[in-house]
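Position chain P against the provided structure of chain R, taking the given hints into account.
Below, each chain spelled out in residue letters.
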Amino acid sequence: MSHLIVSKNVSVSYRWRQDPVLKGVSGTFDGKFLILGPNGSGKTTFFRAICGLTNIASGEILIDGRSVEGIYASTGVISTNFQEVYTLIGSNVHDIIRLYTDLADGDSDFAFKVIDDLGLTMDLLRKRKLNELSAGQTRIVCTALALALKSKHVLLDEPFEELDPARKGRMVKKLDEYEGVILANTHETWLLKNLQEWGVFFMFEGILYGPVSVRDLLKAEISFADEPGALLRVRVADKTVSLLEGSGGTLLTSLENLDKIYELAGGS
Amino acid sequence: MTRYLEMNAKSLLTNPYLIFWSIFFIEFWVFMWAYVFGNGIPPIEEAVRAYTAMGYGNLLMLSLSGACITIANSLLFSSRSVRFVTKYTKLSPSRFLLENILSSLIALLAVSGIMFISVFLVFSSKFGMFPLPTNVGGLIFSTFIGTFFIYAMSLFMNLVIVILRAPKSASFISFLPLILGFTAYMALWIDFGVASYILPFNCIVSVCYYFFAGQSPSTGNYFAPGEKTLVDINLALASLLAWAAMLIVLDIILLKKMRGIGVEEMRMA
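In the order they appear, the protein sequences are chains R and P. Going by my numbering, the first sequence opens with residue 1, and the numbers climb by one from there. Going by my numbering, the second sequence opens with residue 269, and the numbers climb by one from there.
Hints were generated in silico from the structure; no laboratory data involved. Among these hints, one or two may not hold up.
[Said to hold, decoys possible] Within a straight-line C-alpha distance of at most 20 Å, the following computed EDC-like cross-link-like pairs (lysine to aspartate or glutamate) qualify:
| no. | chain 1 | residue 1 | chain 2 | residue 2 |
| --- | --- | --- | --- | --- |
| 1 | R | K219 | R | E197 |
| 2 | P | K358 | R | D95 |
| 3 | R | K129 | R | D116 |
| 4 | P | K524 | R | E60 |
| 5 | P | K278 | R | D102 |
| 6 | P | K436 | P | E533 |
| 7 | R | K129 | P | E495 |
| 8 | P | K496 | P | E314 |
| 9 | P | K358 | R | D64 |
| 10 | R | K193 | R | E158 |
| 11 | R | K32 | R | E263 |
| 12 | P | K358 | R | D107 |
| 13 | R | K174 | R | D116 |
| 14 | P | K358 | R | E69 |
| 15 | R | K23 | R | E60 |
| 16 | R | K150 | R | D105 |
| 17 | R | K260 | R | E162 |
| 18 | P | K525 | R | E69 |
| 19 | P | K278 | R | D95 |
| 20 | P | K525 | R | E60 |
| 21 | P | K358 | R | D102 |
| 22 | P | K394 | P | E295 |
| 23 | P | K358 | R | D105 |
| 24 | P | K524 | R | E69 |
| 25 | R | K168 | R | E205 |
[As the list claims (entries may be wrong)] Here are a few chain R residues that sit away from chain P, every Cβ distance over 10 Å (derived from the structure):
| no. | residue |
| --- | --- |
| 26 | D102 |
| 27 | M122 |
| 28 | T253 |
For glycine and all other residues, C-beta sits at the position ideal for the given N, C-alpha and C.
Bound conformation, chain R alone (with noise of 0.2 Å):
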């Protein structure tokens, strides 16, 4: 069977009464995916939505067609980079390792290997307790060793965020190189030129769109106009926005992040 993530109509809202974070996602996912949106837009909550660690008011979850609610002690199905999620005891980061690879039949020496091509060593990680270490090197100590449990679907929650140019060459390529689904949210656009093999959704303001392949978004433009031949069209603050080639307007590439569209639908 392939390896399957299914979101069917999936709406969550954090307090009764408030505005749903997410507004009926739906989305298929059975490859290697970014999830583009600005901060805000509801990206880390469909995580943890599909890893079942937030309530879903409706809608459903399927993980190889089960159910999300339904799983339980079953290794190798999800794995995620949340820092939440590998705080069970107030142990240093290589005991953090060794436990969670032991509990989910992981690989201890390909996370040390992944973690010391990024630049840490293993004296640090002997020595220093997860919330002890820098933005950077908790979210490379989380990447690895979410890619290091062998799932066969693995969520990365902002991967590059923090780490500096080089490091974050290295970690597109150990992600490239993952034999399994991968979804990976992130803001950021420059990375689109190094993954052009993988698909991309967009979430704005709790709703997703796409998929769209990074291929044709390489050449897509944004123009604030319904456009009939788009390649895709968003709602961002009130304004339709269009994704096409040869609109004139701005590179989607050539914005940093994807928190830049709501400076330009405001301008525009």
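For chain P alone, kept in the frame of chain R given last:
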């Protein structure tokens, strides 16, 4: 068993909060029991034995409650991790609970041992004698059951916080076992009557007293002279076991239901 059992036990045994609340904080009360509350106890073996049994039961209950605050609090802060490992690792909710209980019991029984040695040394120094428990096996058993109950209750309260998403109540609810432990202290001056079978903390004290002193304690008002109603130990033990069993079943149900609260959300509450 997985590596979690060993690593969690090690982590708890070196946890500074657990060491403070269950040992150093209670040491103050050990001295109070010996040198302040115990001033009127005649230096007769029978009287000292009964008083020591009462002291050990109460102090153990407070010490274990303090330890459980730390254990349950650590679970509260790692509730998302608990959710994750029970879904995507070998640890099912019931297996996680079993390994967590066993590793916690290792730490709590170590605390109980330290409390016993501490009471032995301080009371011996005060009274010039230390009558040993009449039934060591029974005392270990009652310590085990008491520990198990307090653990189950602390976990239950913290899971309720997670389910209700009420991290603002966390500090109060986490301390509830210790607060309830102190309310059981009231039995020293108040006769609880039938309620002493319903109140699990009173049952812990009664059961420990029975196996230490070799006789049933009264249902309360220990220091007052006159005739008193004695506790039926079988009933107290049955009540304690029923409480523990009920709470463990609820813990498993809640463990499956809860989604966890993020660490940041806990810190901001």
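Now for the hints, and whether the structure bears them out:
For the proposed pair K219/R and E197/R, the alpha carbon gap of about 15 Å is at most 20 Å, so the pair holds. As the CA atoms of K358/P and D95/R are separated by approximately 17 Å, the hinted pair is consistent with the 20 Å bound. At most 20 Å may separate the alpha-carbon atoms for a hinted pair to count; K129/R and D116/R meet this at roughly 17 Å. In summary, the hint linking K524/P to E60/R is supported, as the alpha carbons are separated by about 18 Å, within the 20 Å threshold.
Under the criterion of a C-alpha separation no larger than 20 Å, the hint pairing K278/P with D102/R is consistent with the structure, at around 17 Å. At most 20 Å may separate the alpha-carbon atoms for a hinted pair to count; K436/P and E533/P meet this at roughly 9 Å. With a C-alpha separation of about 58 Å, the suggested pairing of K129/R with E495/P is violated against the 20 Å cut-off. Between the alpha carbons of K496/P and E314/P the distance comes to roughly 18 Å, so the proposed pair stays at or under 20 Å and holds.
Among the hinted pairs, K358/P with D64/R is consistent with the structure: their alpha-carbon atoms are about 19 Å apart, no more than 20 Å. Restraint check for K193/R and E158/R: satisfied, since their Cα atoms lie roughly 17 Å apart, inside the 20 Å limit. Distance restraint check for K32/R and E263/R: the Cα-Cα separation of roughly 29 Å exceeds the 20 Å cut-off, and the hinted pair is therefore not satisfied. The straight-line distance between the Cα atoms of K358/P and D107/R is roughly 15 Å, inside the 20 Å bound, and the hint therefore holds.
In summary, the hint linking K174/R to D116/R is supported, as the alpha carbons are separated by about 12 Å, within the 20 Å threshold. About 17 Å separates the Cα atoms of K358/P and E69/R, which keeps this hinted pair within 20 Å; it holds. The straight-line distance between the Cα atoms of K23/R and E60/R is roughly 13 Å, inside the 20 Å bound, and the hint therefore holds. Using a Cα cut-off of 20 Å, the hinted pair K150/R and D105/R holds, with the two alpha carbons roughly 8 Å apart.
This hinted pair checks out: K260/R and E162/R have alpha carbons roughly 18 Å apart, not beyond 20 Å. Simply put, K525/P and E69/R have alpha-carbon atoms about 9 Å apart, close enough for the 20 Å limit, and the pair holds. With a C-alpha separation of about 11 Å, the suggested pairing of K278/P with D95/R holds against the 20 Å cut-off. About 16 Å separates the Cα atoms of K525/P and E60/R, which keeps this hinted pair within 20 Å; it holds.
Distance check on the hinted pair: K358/P and D102/R sit about 9 Å apart at the alpha-carbon level, within 20 Å; holds. A distance of roughly 15 Å separates the Cα atoms of K394/P and E295/P; the hinted pair therefore holds under the 20 Å criterion. For the given pair, K358/P sits about 8 Å from D105/R by alpha-carbon distance, which is consistent with the 20 Å threshold. A distance of roughly 10 Å separates the Cα atoms of K524/P and E69/R; the hinted pair therefore holds under the 20 Å criterion.
With a C-alpha separation of about 27 Å, the suggested pair K168/R and E205/R falls outside the 20 Å cut-off, and the hint is violated. A beta-carbon of chain P comes within 10 Å of the beta-carbon of D102/R; the shortest separation is about 4 Å. With a least beta-carbon separation of about 18 Å from chain P, M122/R lies farther than 10 Å from that chain, consistent with its non-interface assignment. Look at T253/R: its CB is around 32 Å from the nearest CB on chain P, clear of 10 Å, so calling it non-interface holds up.
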